[in-house]
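Chains A and B are the protein sequences, given in the same order. Using the working numbering, read the first sequence as starting at 1 and increasing by one per residue. Using the working numbering, read the second sequence as starting at 1 and increasing by one per residue.
Simulated from the structure, these hints should not be mistaken for lab results. This one's a predicted model, so the numbers in the text were calculated from it and none came from an experiment. Keep in mind that the hints are not guaranteed to be accurate.
No copy labels: a pair is met if it fits in one copy or bridges any two.
30 Å max Cα-Cα, derived DSBU-like pairs, lysine-lysine [unchecked claim]:
1. K486 - K59
2. K451 - K385
3. K415 - K147
4. K185 - K22
5. K486 - K87
6. K18 - K87
7. K59 - K185
8. K451 - K189
9. K59 - K354
10. K486 - K61
2 protein chains.
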Amino acid sequence: MNHWDQRAEWLRRATSLKPELKHWAVNAQAMIECEKSDTAWQKTTVRNVGLASSLSDMKFKTGSRVIVDFGETVVGRIRLKLRPEGKNDSPLRLQIIAAELPYEVDADFADFRGGLSRSWLQDEVVNIDVLPCVYDFPRRYSLRYLKIDVLAAAGEIIFDEISVIAESSEEFLPDSSLPLSLEEKRIDKVALRTLRNCMQDVFEDGPKRDRRLWLGDLRLQAKANRHSFRRFDVVERSLLLLAAATDDEGRVPACVYTEPTLRHGNDITDYSLLLSDVVLDLIEATDDIELGRQLFPLVCRQFELFRPNFAENGLLRDDVPGWTFIDWAEFNKSSALHGIYVYSLKAAVRLAEKVGLLVECESLQQEIQHKSESLRRLLYDESCKLIVSGPDREISYAGQVWPILAGIFSPDEAKEILSAVENVPEAVRPRTPYMYHHLVEAYFYAGMDDKASALINSYWGEMVRLGADTFWEVFEPGNDFLSPYKEALSNSACHAWSCTPICFFAEH
Amino acid sequence: MNHWDQRAEWLRRATSLKPELKHWAVNAQAMIECEKSDTAWQKTTVRNVGLASSLSDMKFKTGSRVIVDFGETVVGRIRLKLRPEGKNDSPLRLQIIAAELPYEVDADFADFRGGLSRSWLQDEVVNIDVLPCVYDFPRRYSLRYLKIDVLAAAGEIIFDEISVIAESSEEFLPDSSLPLSLEEKRIDKVALRTLRNCMQDVFEDGPKRDRRLWLGDLRLQAKANRHSFRRFDVVERSLLLLAAATDDEGRVPACVYTEPTLRHGNDITDYSLLLSDVVLDLIEATDDIELGRQLFPLVCRQFELFRPNFAENGLLRDDVPGWTFIDWAEFNKSSALHGIYVYSLKAAVRLAEKVGLLVECESLQQEIQHKSESLRRLLYDESCKLIVSGPDREISYAGQVWPILAGIFSPDEAKEILSAVENVPEAVRPRTPYMYHHLVEAYFYAGMDDKASALINSYWGEMVRLGADTFWEVFEPGNDFLSPYKEALSNSACHAWSCTPICFFAEH
Numbered sequence: 001m002n003h004w005d006q007r008a009e010w011l012r013r014a015t016s017l018k019p020e021l022k023h024w025a026v027n028a029q030a031m032i033e034c035e036k037s038d039t040a041w042q043k044t045t046v047r048n049v050g051l052a053s054s055l056s057d058m059k060f061k062t063g064s065r066v067i068v069d070f071g072e073t074v075v076g077r078i079r080l081k082l083r084p085e086g087k088n089d090s091p092l093r094l095q096i097i098a099a100e101l102p103y104e105v106d107a108d109f110a111d112f113r114g115g116l117s118r119s120w121l122q123d124e125v126v127n128i129d130v131l132p133c134v135y136d137f138p139r140r141y142s143l144r145y146l147k148i149d150v151l152a153a154a155g156e157i158i159f160d161e162i163s164v165i166a167e168s169s170e171e172f173l174p175d176s177s178l179p180l181s182l183e184e185k186r187i188d189k190v191a192l193r194t195l196r197n198c199m200q201d202v203f204e205d206g207p208k209r210d211r212r213l214w215l216g217d218l219r220l221q222a223k224a225n226r227h228s229f230r231r232f233d234v235v236e237r238s239l240l241l242l243a244a245a246t247d248d249e250g251r252v253p254a255c256v257y258t259e260p261t262l263r264h265g266n267d268i269t270d271y272s273l274l275l276s277d278v279v280l281d282l283i284e285a286t287d288d289i290e291l292g293r294q295l296f297p298l299v300c301r302q303f304e305l306f307r308p309n310f311a312e313n314g315l316l317r318d319d320v321p322g323w324t325f326i327d328w329a330e331f332n333k334s335s336a337l338h339g340i341y342v343y344s345l346k347a348a349v350r351l352a353e354k355v356g357l358l359v360e361c362e363s364l365q366q367e368i369q370h371k372s373e374s375l376r377r378l379l380y381d382e383s384c385k386l387i388v389s390g391p392d393r394e395i396s397y398a399g400q401v402w403p404i405l406a407g408i409f410s411p412d413e414a415k416e417i418l419s420a421v422e423n424v425p426e427a428v429r430p431r432t433p434y435m436y437h438h439l440v441e442a443y444f445y446a447g448m449d450d451k452a453s454a455l456i457n458s459y460w461g462e463m464v465r466l467g468a469d470t471f472w473e474v475f476e477p478g479n480d481f482l483s484p485y486k487e488a489l490s491n492s493a494c495h496a497w498s499c500t501p502i503c504f505f506a507e508h
Numbered sequence: 001m002n003h004w005d006q007r008a009e010w011l012r013r014a015t016s017l018k019p020e021l022k023h024w025a026v027n028a029q030a031m032i033e034c035e036k037s038d039t040a041w042q043k044t045t046v047r048n049v050g051l052a053s054s055l056s057d058m059k060f061k062t063g064s065r066v067i068v069d070f071g072e073t074v075v076g077r078i079r080l081k082l083r084p085e086g087k088n089d090s091p092l093r094l095q096i097i098a099a100e101l102p103y104e105v106d107a108d109f110a111d112f113r114g115g116l117s118r119s120w121l122q123d124e125v126v127n128i129d130v131l132p133c134v135y136d137f138p139r140r141y142s143l144r145y146l147k148i149d150v151l152a153a154a155g156e157i158i159f160d161e162i163s164v165i166a167e168s169s170e171e172f173l174p175d176s177s178l179p180l181s182l183e184e185k186r187i188d189k190v191a192l193r194t195l196r197n198c199m200q201d202v203f204e205d206g207p208k209r210d211r212r213l214w215l216g217d218l219r220l221q222a223k224a225n226r227h228s229f230r231r232f233d234v235v236e237r238s239l240l241l242l243a244a245a246t247d248d249e250g251r252v253p254a255c256v257y258t259e260p261t262l263r264h265g266n267d268i269t270d271y272s273l274l275l276s277d278v279v280l281d282l283i284e285a286t287d288d289i290e291l292g293r294q295l296f297p298l299v300c301r302q303f304e305l306f307r308p309n310f311a312e313n314g315l316l317r318d319d320v321p322g323w324t325f326i327d328w329a330e331f332n333k334s335s336a337l338h339g340i341y342v343y344s345l346k347a348a349v350r351l352a353e354k355v356g357l358l359v360e361c362e363s364l365q366q367e368i369q370h371k372s373e374s375l376r377r378l379l380y381d382e383s384c385k386l387i388v389s390g391p392d393r394e395i396s397y398a399g400q401v402w403p404i405l406a407g408i409f410s411p412d413e414a415k416e417i418l419s420a421v422e423n424v425p426e427a428v429r430p431r432t433p434y435m436y437h438h439l440v441e442a443y444f445y446a447g448m449d450d451k452a453s454a455l456i457n458s459y460w461g462e463m464v465r466l467g468a469d470t471f472w473e474v475f476e477p478g479n480d481f482l483s484p485y486k487e488a489l490s491n492s493a494c495h496a497w498s499c500t501p502i503c504f505f506a507e508h
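Bound conformation, chain A alone:
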């Protein structure tokens, strides 16, 4: 039996940790209409046209529409309490659109041309045979707004209640005792809601799409969870599900599907390497030495599998097979990946120290030394204080950030590097909150706390100013319809990897 071949045992343990979800009702707050606006995010804003509490005085019929705002983005199942008025001799046919953002409410889904499946758009057509009734939609959605079109009604219809029965492994957002500014408090709350909404029976990346457990997203969620909900059971379960879906070679997947049975999803090279950091973070928080020892061989196996990608000179080959993510952008990812390798090795060493496997550390320490030196020697351009990547010596933020976070450079050097890259207009900038997170971390490492704070404010703070009450998967100020999927409707507006201001505020 291989060291990592405890998969069945990990699955059993993960299953036993499945959390009982909490449920609570969130009622519609207001009736709204959408309006086009040049100044609003995605050119769409909402106008409040009445209190949702007056809905029960209104009558709807075939052709009627109502849009409600729940006041916050909520994950759960829509409940309609419906009462007929007058004629009531045929089924009621409704179309709904559950939307996270105003743009989704107002869009014509028939125009959808995205790269991901159209089925992620949250619309449904339902037929309700018997009225009055309480109709619970069977699927879970993530939504702040709900548009209801009455496609066919016998007579008039009254909505006595429009609510979402919210679900998550936690209901309440923890109160922060940190001395935060009002602005920071707002960002923190949005971050907490983002994390909470993604805390289902595993840590999902986004409750609208993909609704899946990803190792890279889990890493950031687990860090934020440690400073907030402290639901280490859900972290452990998520981690063990990933471990249990390890392939026969010992490669931990980047994501898993948990239904109807556990299934290995995509592989991502950088996510697999970062397994060490996820395990370290959990074991540091829980002191579960036994679990750390059990997972340590799996951690080491990720390095073994990756190691052949290094050439003799200690640099990564240009043709690392498979998918390297780093960020949703096309650029040469070698230096970033090299940084992640060292970063992950260091986490592995700390894990080994923590769980008393010191004998394993020696070769890892040597490799850290060797891979750090090779990066510094071959990719760091001392003259311009920049880390280059690939045969064309490309420059990206990610390529600076990850070697810095790997500790290959001193904080002072890091400051020089992070300052220098700002003066390279062609440097590939971060594109997602995931990469922005690592840039902020790098600023803190470099002692550039003001830069970090300014970025938190100009990035996460800007989302809040644009109306976000959960943080988005994709955000590039001024680029409203940017999407890695060729269609902004496919973007998730509540995405776990954006929740890390929780960490920044707690740690710095």
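Add chain B to chain A, keeping to what the hints say.
Quick look at chain B alone, frame taken from chain A:
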């Protein structure tokens, strides 16, 4: 307490009689395509393109379509056993159309302009989050054909099973021991399937639309049931639900809604009067004298309520309030309604005799005498052997048939009348199987058995030749798109009032 004010008790008894439905699987038989054809009913025919058993060798993807034929019209819930092939990272979005007739499969529902709600059309759009799965559609449909359009699939989809979990209070069609011709046997079987499919937890008029318990339809269903399934519990339950929904004046409704709670539906004058015949038929079959005695005052109350519609001369006023049905056609319905009144009085007398309430009979007998004479004297034109109706002395088949069925005319006279009306081109003809049933009955009464048989063959037999495996709500040979609802798509192709060949074969 009024005599009929036992409503709560009737409801309790009806509830206790709720039958447990039987369930069985009906698998798709064939894959089909629809084709336009000038000779086919509703210009649409189906072409067999493969066995459904080969479905599991086929792969479907976004944009794919499959249409299957279940081999017979079945009422129940659609079950799809679905398996993904290849990519499986997003929900599956399907559109289905469940159709009784080929024309429905092929129609564009966006063009629907009917008078009834569009929500009766049996189409659904569903999103299925997790694959593989067995997906049971939540609603009940009546269908022979199922069209599935794959609106969005991550990869390829395999249908390992397409079936309907059928439901009814009876599964098996009883074998007839009658000496029937092959043609009659086919008609009988289609009639039995029609009745079976409508036998849900009440006798429904049609399992596609309206799915409701109607007194007039129940009357014919109960007669056919007596010769076939003999589920008198369901008849009693249905009858008591109608009785329990009697209004405060004592008017029994023409139909009730049973969900979510019992509710009085439409009132129809002729249906209310015919209550006596429904009760009589049940009590004759079950000998439940006590139930007959209990319902007798309600039966009498219908006459009391209707009686003011008669003028001094013993004829019906022209302005009988409310809805008089008789048939789905516009014509003067006075003579038919007059006939139904006498017919129903006679059933009430037989009921009184059966349950030993002879003292009640005398005045009813006198009224039968009086109302029969007035009809004969004032509406029967001896010279042309026709019964006329209304101030314009209109002539309709219904206006001949009902006075005949009321026994106001001897069989010989009836034969003269039914022969004479054939020579009146402007006489309003029957339009629905409901009225055709009564015409056949009148032919039998008049000793015109050959006419009756010919009509059974040319009407019900013709439906079978046109492909019916359950009998239709609306059928007028040569008038394919006739609909009382301005839209043939709204017609029901499995409708209880068409099932009465069961009676003809058993009784004659």
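Now for the hints, and whether the structure bears them out:
{"no.": "1", "hint": "K486 - K59", "verdict": "between (39 Å within a copy, 27 Å between copies)"}
{"no.": "2", "hint": "K451 - K385", "verdict": "within (18 Å within a copy, 105 Å between copies)"}
{"no.": "3", "hint": "K415 - K147", "verdict": "neither (49 Å within a copy, 64 Å between copies)"}
{"no.": "4", "hint": "K185 - K22", "verdict": "within (25 Å within a copy, 60 Å between copies)"}
{"no.": "5", "hint": "K486 - K87", "verdict": "between (46 Å within a copy, 19 Å between copies)"}
{"no.": "6", "hint": "K18 - K87", "verdict": "between (47 Å within a copy, 27 Å between copies)"}
{"no.": "7", "hint": "K59 - K185", "verdict": "neither (41 Å within a copy, 52 Å between copies)"}
{"no.": "8", "hint": "K451 - K189", "verdict": "within (22 Å within a copy, 83 Å between copies)"}
{"no.": "9", "hint": "K59 - K354", "verdict": "neither (65 Å within a copy, 52 Å between copies)"}
{"no.": "10", "hint": "K486 - K61", "verdict": "between (37 Å within a copy, 21 Å between copies)"}
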